[in-house]
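S.K.: In our numbering, the protein residues as written are 20 to 281.
Keep in mind that the hints were calculated from the coordinates and are not lab data. Be aware that a few hints might be false.
The calculated PhoX-like cross-link candidates involving lysine-lysine, where the alpha carbons are at most 20 Å apart (straight line), are [as the list claims (entries may be wrong)]:
1. K211 to K95
2. K95 to K111
3. K111 to K171
4. K95 to K74
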Amino acid sequence: MECPYCNAENRDGVRFCNNCGKPLDPAAARGGTTVTSRSLTPGSRLQGGRYVIKKILGEGGMGAALLATDLRLDGKSVVIKELLSDNTDPTKRQEDVRNFKREVATLAHLDHPLIPNVTDHFQEGPRYFMVQEYVEGENLEERMDRVNQPMKEREALGYASEVLDILDYLSQETPPIVHRDIKPANIIIGTKDKRAHLVDFGIARADETRNAQRKQTSALGTPGYAPPEQYQGNADPRSDLYALAATLHHVLTNRDPRNHPP
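Sequences and hints are given; from them, build the entire structure.
M.R.: And the structure:
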């Protein structure tokens, strides 16, 4: 199936383009409402020409991920995340900005080989950007769509062990950090090191406590992977373990828990 936006070829039955992340539904394509008019396009430059956009990796309701070249670092590939917000209410818009800045702050102080480092962040006019290391590889959702069969147990458990190491690291932070969106699409298997890298900390939160009462957080996450308590506004490091178990269920059975609950 050919993507109506970037013309990349995709396997039949895939809902979103593996190249640009746009929906492959012909009706959506005809409507033209999801074209990335709000985000930067290939060839655009940022920070006085330092960053040159190569292609759009994906776009959601709250942000766009862009593959770019850093000319200051001899053309090294980086990922630039741009905040996109549909909110016209100034108060809600500011909340979106605060959430984006929280993601930057969360990632900036992390130091783990399987978490992409933040290398820069900046604002240009009303637009906010974060620059991260680019992990070249394939995420587990793309892998399952491509292969369309269960993953071998040894391989799946190897990746799970690496994600557990990341989650252990996050839980040792002060306060502990809860990713809150563990799923196949957020686990990239590196082309070079063949290891599992955890990405997209957009809804990660510090697990703060006050007077022995756990602080509630907004109910965000992905249906089928997020645990029940997360929808009630509560999440702690155990919530990520639940989501990792749902991810294992997906890759070991080739049954997406969003469509086929365990």
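S.K.: Under the constraints set out in the numbered hints, which ones does this structure not fulfil?
M.R.: 2 and 3
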